[in-house]
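There are 2 protein chains.
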Amino acid sequence: MEKKILVVGLGLIGGSLALALRGFEDFEIVGTDLSPAVQKEAAAKGAGDRVVPDPEPELPGADVVVLCQDPAGITGFLAEHRDRFKPGALVTDVCGVKTAVMAAAECLRPDVDFIGCHPMAGKEVSGIGNAEAGLFRNTHFIVTPGPRATGEHLALLRRMADWCRFGDVIETTPERHDQMIAYTSQLMHIIALSVCDNDELFACKGFEGGSFRDCTRVAALDPAMWVQLFSLNAPALTGVVRALEDRLRQYREAMEAGDREGLRAMLASASDRKKRIDLERARGDDVHPSF
Amino acid sequence: MEKKILVVGLGLIGGSLALALRGFEDFEIVGTDLSPAVQKEAAAKGAGDRVVPDPEPELPGADVVVLCQDPAGITGFLAEHRDRFKPGALVTDVCGVKTAVMAAAECLRPDVDFIGCHPMAGKEVSGIGNAEAGLFRNTHFIVTPGPRATGEHLALLRRMADWCRFGDVIETTPERHDQMIAYTSQLMHIIALSVCDNDELFACKGFEGGSFRDCTRVAALDPAMWVQLFSLNAPALTGVVRALEDRLRQYREAMEAGDREGLRAMLASASDRKKRIDLERARGDDVHPSF
Chain D
46 MEKKILVVGL GLIGGSLALA LRGFEDFEIV GTDLSPAVQK EAAAKGAGDR
96 VVPDPEPELP GADVVVLCQD PAGITGFLAE HRDRFKPGAL VTDVCGVKTA
146 VMAAAECLRP DVDFIGCHPM AGKEVSGIGN AEAGLFRNTH FIVTPGPRAT
196 GEHLALLRRM ADWCRFGDVI ETTPERHDQM IAYTSQLMHI IALSVCDNDE
246 LFACKGFEGG SFRDCTRVAA LDPAMWVQLF SLNAPALTGV VRALEDRLRQ
296 YREAMEAGDR EGLRAMLASA SDRKKRIDLE RARGDDVHPS F
Chain B
46 MEKKILVVGL GLIGGSLALA LRGFEDFEIV GTDLSPAVQK EAAAKGAGDR
96 VVPDPEPELP GADVVVLCQD PAGITGFLAE HRDRFKPGAL VTDVCGVKTA
146 VMAAAECLRP DVDFIGCHPM AGKEVSGIGN AEAGLFRNTH FIVTPGPRAT
196 GEHLALLRRM ADWCRFGDVI ETTPERHDQM IAYTSQLMHI IALSVCDNDE
246 LFACKGFEGG SFRDCTRVAA LDPAMWVQLF SLNAPALTGV VRALEDRLRQ
296 YREAMEAGDR EGLRAMLASA SDRKKRIDLE RARGDDVHPS F
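The listed protein sequences derive, respectively, from chains D and B.
Sequential numbering from 46 applies to the first sequence in my numbering.
Sequential numbering from 46 applies to the second sequence in my numbering.
Hints are supplied without guarantee of correctness; some may be wrong.
Identical chains share a label here; the pair holds if one copy fits it or two copies do between them.
To be verified - Calculated pairs, DSBU-like style, for lysine-lysine (alpha carbon to alpha carbon, straight line, at most 35 Å):
#1 K320 <-> K168
#2 K320 <-> K48
#3 K90 <-> K320
#4 K85 <-> K320
#5 K320 <-> K131
The hints are simulated quantities; they were obtained by calculation from the structure and are not laboratory data.
Extracted from the complex, chain D is given alone in its bound form (with noise of 0.2 Å):
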């Protein structure tokens, strides 16, 4: 093997794509971890090619760098680290938010490329034990790439993206990234974590379906890690959930009023939309190319 990625932080999503990128190309995949008790699960699990204690050494030598410990983690890396990285070298992370880790990585020397991603992947349960090679699956790779990125260093992500069987590749802004996640990814979480604080949480065992259960899934989150997201994105994230607030008091005073025929046309509109999107997706078409 003549070229080397080092995954820092081997948790769910370094710990998986440590797992995902043994065997891409001729690059020695090597991971790192703070914990001895990950790095020895990670040993275990083949989480790379090599496990090391100390990302120090290793970093002269890393053509690809992916940062994956949680925002504060990376951010603490690119500073702590900045002299030591490969010129030449890709480094790149796959925190949830991108806004504040490409100013962060505005740190580093003018011949580092740092191209910011976010795989659009994960699981409720975290840590290396519930890493997986899969995880990725059929999942968005979302690239956020700073204006020093070389199209040699995109089109190797591609194919890191590709090995790891993500479905697809998605290139744009940190701001626009940023803005769509507090929508897509953010939002959940915090209805999710609404949901549960309902003095009821306990009690309706029995009465809860699929809908409950799919909504309420993502609120086991590590919350160390989430307020960090939560704050770094707080702009859109708050500008979202109070588009929420409004939207559910609209509902709530049309069924307050006993008004049938204005909450049937807001049912109609809604659920239209939503047909409409699953169809647009299952077609296979791309009308809405807003990135």
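Put chain B on the given structure of chain D with help from the hints.
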């Protein structure tokens, strides 16, 4: 076959029941539907041993009648056919609200036993074309007996539920059912609709993950039916919608204030609640016998 179960309305639920019930003890399963096209498709699928266009000649010989129309269809059928049910018959339904249906069933003669039912099963698509015998596997079968319910009929419903492979049978009052269902099911539909009302819906392609697909799945509903379900349960439903609005506002205000510690405490509490309820269910405990 000596006895007869008449399934009225062969949509997704009625059609699936007519499929699943075939072979149950010594009952003949007869399906009926107003639509000739539905009758034809139901007969072709085997939704019932026989499919008939008119329920009227079947009613005097039916030991069990399962009403599977929308709420207005069920209450209309009860009023129209009140004098045609067989003495001693069990009449039941599959409607997602129970107080209103139980009230409508008070028009029945005293020698007819009405026990409300709610199979907590469904799909985001409707109609006989999507009906399948396995729809009910491992879902809850909720029963709300009226004041005249006999133990014999409750036992019969339990055997029917077992034959259709429901996971369990939950017996409760109509009022408690409607309060719980407002939270676990109807609120999930209001959330899904409200999320789909966002302007970004058609722009978010490529940014959606499992949480977005899961949360919005049920938005593709039948407006004519759901406006009835929401309206018939408006007092309970508006209460849980308001509670959700309040909780969302609290998350938003914590983010707007930059109150990371407050936000972290909210996330820790809600995620812990979710993990606890998962744990209880995984262990099979029943620590909240609330009905």
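Going down the list of hints, with the structure as the test:
{"no.": "1", "hint": "K320 <-> K168", "verdict": "both (26 Å within a copy, 14 Å between copies)"}
{"no.": "2", "hint": "K320 <-> K48", "verdict": "neither (47 Å within a copy, 42 Å between copies)"}
{"no.": "3", "hint": "K90 <-> K320", "verdict": "between (42 Å within a copy, 26 Å between copies)"}
{"no.": "4", "hint": "K85 <-> K320", "verdict": "between (47 Å within a copy, 26 Å between copies)"}
{"no.": "5", "hint": "K320 <-> K131", "verdict": "neither (49 Å within a copy, 42 Å between copies)"}
In terms of the numbered hints stated before, the structure departs from hints 2, 5, listed from lowest to highest.
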